[in-house]
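> Could you put the whole structure together from the sequences, leaning on the hints where they help?
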Amino acid sequence: MTQLVIKNNSLKPPVKVSHTRSKILIIIVFVFLSFQSFAQGDRVVSGDISNMTFKEFASAAEASLKIKIYFRDEWVEGLKIVDYKGSNSLNQVLDFLLKGTALFYNVNKHGDVVLTKDYNVRIQGAKAAKETGLAPPSDYAVTGDNGKSEGNAPVEIGNPSEKFMPGDVLLTGYIKDRDTKEPVAGVTVFNQKLMKGAVSNDHGYYSMSVPRGFHVLRFSFIGMKEKSVSINLYGQGELNVELNSVLIPLKETVVSAQRSKTLQRFEVGVEKITMSSFRLMPTSMGETDIIKSVLLIPGVSSVGEGASGFNVRGGAADQNLILLYGAPLYNSSHFFGFFSAVNSDIIRDATLYKGGIPPRYGGRISSVLDIGSREGNRNEFAGNAGISPVTTHLTIEGPIIKDTLTYLLAARTTYSNWIFKLFSNPALKNSKANFYDLNGKIVWDLNKKNKIDLSVYTSHDNFRLNSDTTYSYNNNLAAFKWRHYFNNSFFLSTSVNNSRYDYEVSSSKNKLEAFNLQHVMNSTAFKSDFNLFHGRHEINFGLEIIRYSVLPGKYLPVSDSSLIAPRSIERERAFEGAIYADDKIVISDLLSVEFGVRLSSFLSLGPQQVLAYNPAYSKSLSTVIDTMNFTRGEVTGKYGGPEFRISLNFKLSDRNSFKVNYSRTRQYIHLLSNTASISPTDTWKLSDYYLKPQIGDQIGAGFYEMLMQNRVEASAEIYYKRIRNLVDFKGGTDLVMEDNIEKDIVNLNGRAYGVELALKKTEGKIQYSFSYTYSRTLVKSPVTFSEEIINSGKWFPANFDKPHDLIATFNYIYSRRVSLSADYTWSTGRPVTYPVATYPLYDGLLVHYSDRNRYRIPDYSRFDIAVKVSGNLKSRRIAHPNWTFSIYNLLGRQNVYSVYFTKEQNVFKGYRLSIFGRAIPSVTFSFDF
Amino acid sequence: MISEKEIEMMKVKSPVFLKIQWLTKLALIAMLFVAGSCVTEFIPQIEENAELVVVEGQITDRQEIQTIKLSKSLPFGERSTAKPLSGCNVTVTDDLGGKFILSETEIGTYTLPPSFHGSVGRFYTLHIKTGQSNRNLSYESYPVEMKPVPEIDSIYYEKVVVQEKFEDFFGIDGCKIFLNTYDPGNICRYYRWDFSETWVLRLLWPVDNIKCWVSDRSHDIIVKSTAAFDDSRIVGQPVTYISNETDRLSRKYSIEVNQYSLNEDEFSYLEKIKNLNAGVGGLYDKIPASIPNNLICIDNPNEKVLGFFSVSAKSSRRIFIEGDFRGIIDRYNKCPVDTIYGDYDPPDLYLTMWPILDHPQTFGAPRTRILTDDKGCADCTVRGTKVKPGFWIGE
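Residue numbers (the working numbering), protein chains in the order written: chain A, 1 to 929; chain B, 1 to 395.
Don't take every hint at face value.
Said to hold, decoys possible - Label-pair ranges, simulated between beta-carbon atoms:
#1 A/V660 x B/R135: 52 to 60 Å
#2 B/D373 x A/S561: 54 to 62 Å
#3 B/F320 x A/P566: 38 to 46 Å
#4 A/P615 x B/E47: 32 to 40 Å
#5 A/L891 x B/R135: 31 to 39 Å
#6 A/A616 x B/N136: 27 to 35 Å
#7 A/A565 x B/G323: 56 to 64 Å
#8 A/K509 x B/T81: 51 to 59 Å
#9 A/P566 x B/R331: 45 to 53 Å
#10 B/F169 x A/S561: 33 to 41 Å
#11 A/D626 x B/N136: 36 to 44 Å
#12 B/R326 x A/K509: 25 to 33 Å
#13 B/N136 x A/G640: 24 to 32 Å
Hints are computed from structural coordinates only; laboratory data are not their basis.
A virtual CB, placed ideally from N, CA and C, is assigned to each residue, including glycine.
Quick look at the structure:
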């Protein structure tokens, strides 16, 4: 296969050359509007060219070949033909001269040469495309407005002799970041004329079927300079593109590529967050935070500020699968939920599937948040360091072997202890709280076909309060991934990962009761994922096996004087397995279908002692009738079944589309929590003999329309969800060190429905988004035993049911150095249970509560603002400083987090608690180097 | 078949929970402070008026007056007095066919026959039928076993220095009272304690009723399980804390602690009640719920009934404390007083004023009387009794 390197004119040349650009553009427009063909034979410049400078050689070539060579003087300064031993061939000389520079050249149909800087496109034709040129472009080329916005000489793809063959052809290729050579996922490849597009996958691969002829393809992605490439398509071929990431961090916010993507995506309810978009957000304590960005997505809410976890479309917080390096993260927060556990410096992007979860994911019924991590810079050493009121962080990255082996290391820690020192209360003054997290990633391109990477992550949280009880928790995660490219349209990605979460509580204040309590969740997964692109099909299939091992609780005496009896709840073990297949089929220009199925199964294994209860009564220790002993490896519980995932995408016109989907998911692991928010002592529990998997069915539909010349994207989505076997508890149960937890569990059924309306403008100097969500989440207890009935067995709102949710964001890019952003949130208060009566018992006064979740706390509303200032714009400076000034809760509104009641002199009083009682200003300083 | 011992072992309650709850709350409070969080009082808008039957009843193995109190629940946040439920038929039966009819001795208070006292190992059931004015509903408890209880090993106190004497400030002391208990047979695994306290009160002025004995009862639920321990041994169980802001420790103080054996279900009921009632409004508060008790309404299973029918063996122990505690605030220092001279009595003077000092006329000085409008300042029987309790040792 011969490679023809065709140089293209950059769409956006470097900052200071705009005046030259316009000249070049005009020339190019002229050039390809005159449809003359020109044979590009091996043209030889006559005479002695040795020791000529570039300019001298150019003059000589122009004179002898009757062509024009376009370039800027400053680009070619110092280029000279020294020690050149080749022929006088124009191409050879240019290759020699431009080797090692950022310059590229392109020979157009006239034989004229155009130099470009910082930009090139490689074309691999199906056959040798070198002697093309003879075939004139197809009729598609004669469209008037192409020249207006595009300045490229068309790239010729495929064998010209196939030009008049019938049918569409398949255009494929890889998209990479020019600086880091990393594949770029999520790039929209859009053909404006056909209003048709594709999105690159995780390997940076895209494919689309297009008619032969002239096309303009636009490659766009947030944080990358948008690029248009004109092509003359003769036959099947490949177009590989390198995108420039935006050098100046501020500008990241300017470039946006969401607009046509939504129309093309198959799934309903998929949102992608890129680094740049969430970097700009106002912060609560000076920390950019991925989970806080997720909360701005319509359909996502949390029970309150500082609550760990989030709720997606009426799902509980443990129904979200959070993937980091492809491995599940079991605790996604630091400091009880005030910070998210993943350092934003290592995030490339994050995709939230709130509906339409692809079959390659499973195991959680509400959503998947796949956090894509960055790879180390492939060209040079780089880094970033920063400081905010409570944390400091450092990231370094670079190549070990250039372009082949790279590393990225990131560390973050807090120095928040000074906050505790401010207190006069001795209990708080003697307290300590620490956390840190470390990330490391090595990526190695073994060869063109094989790529491996190894990622590790560890996070640690530690609290010691009042020098008494110590509380700590850790996430440890390691993932190994091997990507193999069988050919250009068939890939394999195989990974092995381990994720371990544990917490430990210990106290030694009372020597007789000194204890240590431990809980461990450990999972090891193997996954093989195949991607096959074939014509109109994009096929994804694979298998996944997860082994779980959970230590529900281990409770030990700490010293000899402790009277605590050592106790350990029997370890739980299980396997979860799944095979899946999925096919995205482009049936016609107007209809695409995705059909997938995931067969999942779950086996919980012995050794395990299981109590048998009298089925005539609610399970409790007094209704135990027998004990069953399962031996090692014996199956105690077996669950599974097919999960269908189907979506249809109708393109109604160039500007709008309509999508429908259905999906089913099963969840075999559960977080036991009987508090409103995820609490740090909540424990993970596997499905077993008694505990059935949660099953979620969701049907959704969405309508998408581009408004105002494709600058504003409007969408409306609706969904209905049915959830079976939700885990709830008999009232007031303690979950710590509780054996045979099935006796305290009540399985509820749930249903959720909602409408999500959004309007987004994500480019230009002024960007904004508005979204409004109406959603309900209702649950119902079974009507079996009186102990298990909640609210007489009627439907009642779940803890996170917040019907109205309004979010507005606004960004104003004043200049490349200064930008302003603001966001506003308003939502209905979450449901609460109020005390309705008091009664005496044992000389005390007790409270009787209303029906569960019958009342609501007041509405929530918050306005935040942030200004980002970049100190220096020069991209080659040693360090780029950035300042972020933000004010969280600018209006100082005292949003009610919760209400509670205490007894004062035998009378109960109600109180409201607000977490942020005033505006919280913060300043963050960071610099890239 | 699973043995009872195994069940006991499985159902081990850990004391860790409360610690963790406290810990997480403290962390939260720390964050809250930083975030400028705040707490404001409010009155919830309740749309319902729940008036449910409340059963407050306990039978023990003691030869003493045993009563069951019935009342109606009070609307939330109202400082109204109890609403006793009168005119009910109340009986207690045991598993040997014994039937004991209770008589309403006070409004809403039903007393067992004086001959009755429970026996360890028996199961008792409570039956209630409300009267015509209360919808004629029948309630019943589950059969409840009376478990044995050991004696209290010891009760002791510790002086707590609240504030050291420092320059102009006086030292302030408080007092913590603890108990130790031990069941050598390892049978009693769940305990509840309550106490009654009595102390000597002496007024500042030479009035007739100058010295009284004042009594009070515990108002909190104190429970503990030893199921997590090898031995049923409890050391250093806090009973109560006496602050310097009361006059309990000013002279002589006595506390009698009662120890009750509990069934596992009553223990777990009380634990849950405590968990739910211990809310401080943090992030990790339990979602409120109605806690199942051991009572049901036979006529209408949806009709809730509050309270618990408690069956316990009981043991008691008393100590006296006569220590040197500093900084005790004597409320009588703040008695409002006024002085009148001469013999003239304004009409109705002694309806609203009480004399604390009456100094007769001497050598031309007029008769002087010091009066107060707080009867408690002039008469100790407002708070206590002049009759020395039978258990009182010494003065």
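> Please check whether A/P615 and B/E47 have a Cβ separation lying inside 32 to 40 Å.
38 Å, holds
> At the C-beta level, are B/F169 and A/S561 separated by a distance inside 33 to 41 Å?
37 Å, holds
> With respect to the beta-carbon atoms only, verify the hint that B/R326 and A/K509 lie 25 to 33 Å apart.
Distance hint for B/R326, A/K509 holds at roughly 26 Å.
> Please check whether A/D626 and B/N136 have a Cβ separation lying inside 36 to 44 Å.
42 Å, holds
> Quick one: are A/A616 and B/N136 within 27 to 35 Å, going by C-beta?
Cβ of A/A616 to Cβ of B/N136: about 29 Å, so the range 27 to 35 Å holds.
> Taking the beta carbons of B/N136 and A/G640, is their distance inside 24 to 32 Å?
Taking Cβ atoms as reference, B/N136 and A/G640 lie about 54 Å apart, which means the hint is violated.
> Could you tell me whether the CB distance from B/D373 to A/S561 stays inside 54 to 62 Å?
Between B/D373 and A/S561, where Cβ atoms are some 57 Å apart, the hint holds.
> Starting from the range 51 to 59 Å, see whether the pair A/K509 and B/T81 falls in it by beta-carbon distance.
41 Å, violated
> Has the hinted range 52 to 60 Å been met by the Cβ atoms of A/V660 and B/R135?
Holds, at about 54 Å.
> Indicate whether the distance between the beta carbons of A/L891 and B/R135 respects the range 31 to 39 Å.
Between A/L891 and B/R135, where Cβ atoms are some 52 Å apart, the hint is violated.
> Looking only at beta-carbon atoms, does the pair A/A565, B/G323 fall within the given range of 56 to 64 Å?
37 Å Cβ-Cβ, so the 56 to 64 Å window is violated.
> Note whether the CB distance of A/P566 and B/R331 lies within 45 to 53 Å or breaks it.
At roughly 51 Å between Cβ atoms, B/R331 and A/P566 fall inside 45 to 53 Å, so the hint holds.
Violation of the numbered hints given earlier is confined to hints 5, 7, 8, 13; the remaining hints are satisfied by the structure.
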